[in-house]
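The chain contents come next:
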Amino acid sequence: MTNSPLTPGIVPSRLPADRIARNFADHTPPLDAHEALVAADRCYFCHDAPCVTACPTSIDIPLFIRQIATGTAESAATTIWTQNILGGMCARVCPTETLCEEVCVREVAEGKPVEIGRLQRFATDTAMARGLHPFTRAAPTGKTVAVVGAGPAGMACAHRLALHGHDVVVYERRAKPGGLNEYGIASYKTTGGFARREVDWLLQIGGITIKTGVELGRDISLDGLLALHDAVFLGIGLGGVNALRASGEDKAGVTDAVDFIAELRQTTDLTTLPIGRDVVVIGGGMTAVDAAVQSKLLGAENVTIVYRRGQEKMGASTYEQEHATSAGVRIICNAAPVAVHGNGAVREVEFGYMADTPEGLKATGETFRLKADQVFKAIGQTLTGAPDGAALEGGKIAALPARVWAGGDCTGGGEDLTVTAVAQGRDAAEDIHMFLRG
Amino acid sequence: MANLTTDFIGIKSPNPFWLASAPPTDKEYNVRRAFEAGWGGVVWKTLGSEGPPVVNVNGPRYGAVWGADRRLLGLNNIELITDRPLEVNLREIKSVKRDYKDRALIISLMVPCDEQSWKDILHRIEDTEADGVELNFGCPHGMAERGMGSAVGQVPEYIEMVTRWVKQHSRMPCIVKLTPNISDIRKPAEAAKRGGADAVSLINTINSITSVNLDSFSPEPMIDGKGTHGGYCGPAVKPIALNMVAEIARSPETHGLPISGIGGVTTWRDAAEFMALGAGNVQVCTAAMTYGFKIVQEMISGLSQYLDEKGMASTADLVGRAVPNVTDWQFLNLNYVTKAQIDQDACIKCGRCYAACEDTSHQAIAMKPGRVFEVMDDECVACNLCVNVCPVENCITMVEMPKGAVDPRTQTPVGDYANWTTHPNNPSVAAE
Ligand SMILES: Cc1cc2nc3c(=O)[nH]c(=O)nc-3n(C[C@H](O)[C@H](O)[C@H](O)COP(=O)(O)O)c2cc1C
Ligand code: SF4
Ligand code: SF4
Chain R
3 MTNSPLTPGI VPSRLPADRI ARNFADHTPP LDAHEALVAA DRCYFCHDAP
53 CVTACPTSID IPLFIRQIAT GTAESAATTI WTQNILGGMC ARVCPTETLC
103 EEVCVREVAE GKPVEIGRLQ RFATDTAMAR GLHPFTRAAP TGKTVAVVGA
153 GPAGMACAHR LALHGHDVVV YERRAKPGGL NEYGIASYKT TGGFARREVD
203 WLLQIGGITI KTGVELGRDI SLDGLLALHD AVFLGIGLGG VNALRASGED
253 KAGVTDAVDF IAELRQTTDL TTLPIGRDVV VIGGGMTAVD AAVQSKLLGA
303 ENVTIVYRRG QEKMGASTYE QEHATSAGVR IICNAAPVAV HGNGAVREVE
353 FGYMADTPEG LKATGETFRL KADQVFKAIG QTLTGAPDGA ALEGGKIAAL
403 PARVWAGGDC TGGGEDLTVT AVAQGRDAAE DIHMFLRG
Chain C
50 MANLTTDFIG IKSPNPFWLA SAPPTDKEYN VRRAFEAGWG GVVWKTLGSE
100 GPPVVNVNGP RYGAVWGADR RLLGLNNIEL ITDRPLEVNL REIKSVKRDY
150 KDRALIISLM VPCDEQSWKD ILHRIEDTEA DGVELNFGCP HGMAERGMGS
200 AVGQVPEYIE MVTRWVKQHS RMPCIVKLTP NISDIRKPAE AAKRGGADAV
250 SLINTINSIT SVNLDSFSPE PMIDGKGTHG GYCGPAVKPI ALNMVAEIAR
300 SPETHGLPIS GIGGVTTWRD AAEFMALGAG NVQVCTAAMT YGFKIVQEMI
350 SGLSQYLDEK GMASTADLVG RAVPNVTDWQ FLNLNYVTKA QIDQDACIKC
400 GRCYAACEDT SHQAIAMKPG RVFEVMDDEC VACNLCVNVC PVENCITMVE
450 MPKGAVDPRT QTPVGDYANW TTHPNNPSVA AE
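Chains R and C supply the protein sequences, listed in that same order.
Everything in the first sequence is counted per our numbering, starting at 3 for the first residue and increasing by one.
Everything in the second sequence is counted per our numbering, starting at 50 for the first residue and increasing by one.
Any given hint could turn out to be false.
No farther apart than 20 Å at their CA atoms in a straight line, the calculated lysine to any residue pairs in the SDA-like style are these [claimed, not checked]: (1) C/Lys343 <-> R/Tyr46; (2) C/Lys343 <-> R/Cys48; (3) C/Lys343 <-> R/His49.
To be clear, the hints were calculated from the coordinates, so they are not data collected in a lab.
Computed from a prediction, not measured in an experiment: that's the story for all the values here.
Could you build the full structure based on these sequences and the hints that come with them?
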């Protein structure tokens, strides 16, 4: 094909295959053994370490780093997995710059944290490469638990329940398990089919059955699950996407960023994936950054993120924002979409400048237009398909009937991060275990 | 999972990691927290005789040597034995032991060198339920000036005499803690054995001055403008301690005498090395003082991973494994020929190997155009200096020459095992 970044419209193959391969290679390459030792050596083994407090799963970070430093990365992996069974994925996708590494005493003192995320990846990769799964299932209890959703919350919950000897059936509406790890995270953060490998690795505990293509509300009901199982865990995530509420939103070329990312993640040959010449991403979170950066990496000529509030309010961390701008993405703040123009397909998006006032966001009256042949909406996801009987608060599950638990993005409490979901899934499993033991 | 449970002279502990007699074990509060953190045993901070306790200085008592990253490499101290009343210590020991029956609790003792003093203190500790006693013949400062500690430990006859008194007046297992401030460590170990000791522990601290203040012209730590020598410990002393442990383990006189290894143990690996050289367990002081009690978790996980990987079921499988391979120089194989080899892909072209070999060794590295460094086999004596100064791990390796191959340096084929005792240059061989 002879397309280039300048080819008009939404077309595949804007860049040569080798360039695309390079663009989508490991964003943060793994540490080699020597680099890991040097990185581990910087840890001060702090008392009551701030990094542990900052980690939603409370991994004993100083201990696992010391275990790496003393040549026992396998023991380090055990330390990590004991708290966070998806420690391998979290090592890749956690915004460590706003979690553990932000509070590392060496970040605070010198502006150069211990590379906790990369060290965690070193440990878990080392142990997984050796085929280690250092957990043994307790004797079967005869109890069964349904887990709805095979994302981070569901899988963390399932593993912990299986560990305690319960039988777990995971119901997943998509074709593959993994949830956002499989469908939602930027491709260069988790290369080599890692999401799938991690799920397969996790299943080694035994006692977990995954049923894919089964959707709550369509194929199964909460009452049905309660009739079949002793307890139910809902880790259904956020299935819906917020609308722009700008006129012309339904024009061709305007889609949800999450769908684009999911499609990208499931495309084996990225040269076949079409992308616009002028891409506009509306939103300010990680999803916006992931969609924008990957558009650029596929060869879009112009990619612009437009966010309605000030830069400091963006959900994406400064690190993520810088990653976007260094990839060539332009970020415009304080502007909200007013209308999508075009004849059938989008040609331009019109934005109005916004002022953040004590009374809320107000249009200043000034507008501008951006050329666009593709628009991605990334202005937040919403809960859909919550079962009857679930009480919602602020758009999230807040209360549930007896024998039902929930965790992950579909519930409140914490940011919508993989690591938060893992913590909630794990803790719910402990609750369920206590309940089942009576 | 390997079994870390250890039986040291009949004293059982869930792992071989004990805290050495020192500030970490000076009181009930510490020892309880240490046990909660996972330590297998403790040797309580050394107790003295009944009566007014010793006093410590009220200024700095520690000096240190650091790496450039301020990693603590060596610590020195001028602390004395416990400065808390005997009754308080005894009450606390009893209370801790009652709650931690599965852990080892040893009482360290240092009293004046007369039979009555030893008889009295042994009588006083009788009902604490402690698992054993350790005789502190080691402290090199302060107490030695008063005829105790290393002043006893440097005279084998005294060691034997005191050990015999202790064995006579007590049924408790007795460990004799040795001072390294002596020229031949085997002598005090033999004396302890003759006196009936159940085990020896070593090393105590090494006489040292860690640094001198060049403004006030006083050794550090400085007390009101003056300083004194203190006891050195921490990672820096490990090589010295390992050798002393090995000497006792392989000496025919003391072979088989149980050893508790002490000196610079900081990681599981250090502990494993002590154990391979014959130590039945290890004691730790500086590492705990530097990083806190929690480091024992790494020691536990690391040692079990190692034992598992080696297919060893318990620590007993490891203890002494390296002892048969510690030998005298005269028995080393002179026909074992190796050559340094530089991995050109790993080399970063710093030239340190060249400087070291050219200036101070055997001029066996060639510097070629483009900063390519190559070993000349016909000059290389295999001294290992380049390996040790190269900043890149495994960049320079020693490659063994196969038997029969001709060594380009000596033009002789590599032969069978032969050592100095039969070498033609050896005068005693020639005399025959
Ligand atoms: C501050 C300090 C006080 C010590 N006090 C004692 C003591 O009272 N009795 C004793 O037998 N050893 C004492 N030691 C020596 C330690 O028990 C141990 O033998 C030595 O520190 C070497 O071990 P390490 O390198 O792990 O520190 C002391 C060491 C330090 C640093
Ligand atoms: S370590 Fe504690 S007791 Fe010692 S000098 Fe510092 S503050 Fe004082
Ligand atoms: S010291 Fe090592 S890295 Fe430096 S030149 Fe020699 S071989 Fe190369």
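**Item:** Given hint R/Cys48 paired with C/Lys343 - CA-CA distance at most 20 Å
**Value:** holds (10 Å)
**Prompt:** Between C/Lys343 and R/Tyr46, does the CA-CA distance stay at or below 20 Å?
**Reply:** Holds, at about 13 Å.
**Asked** Quick one, are C/Lys343 and R/His49 close enough, alpha carbons at most 20 Å?
**Response** holds (9 Å)
No hint from the list above goes unmet by this structure.
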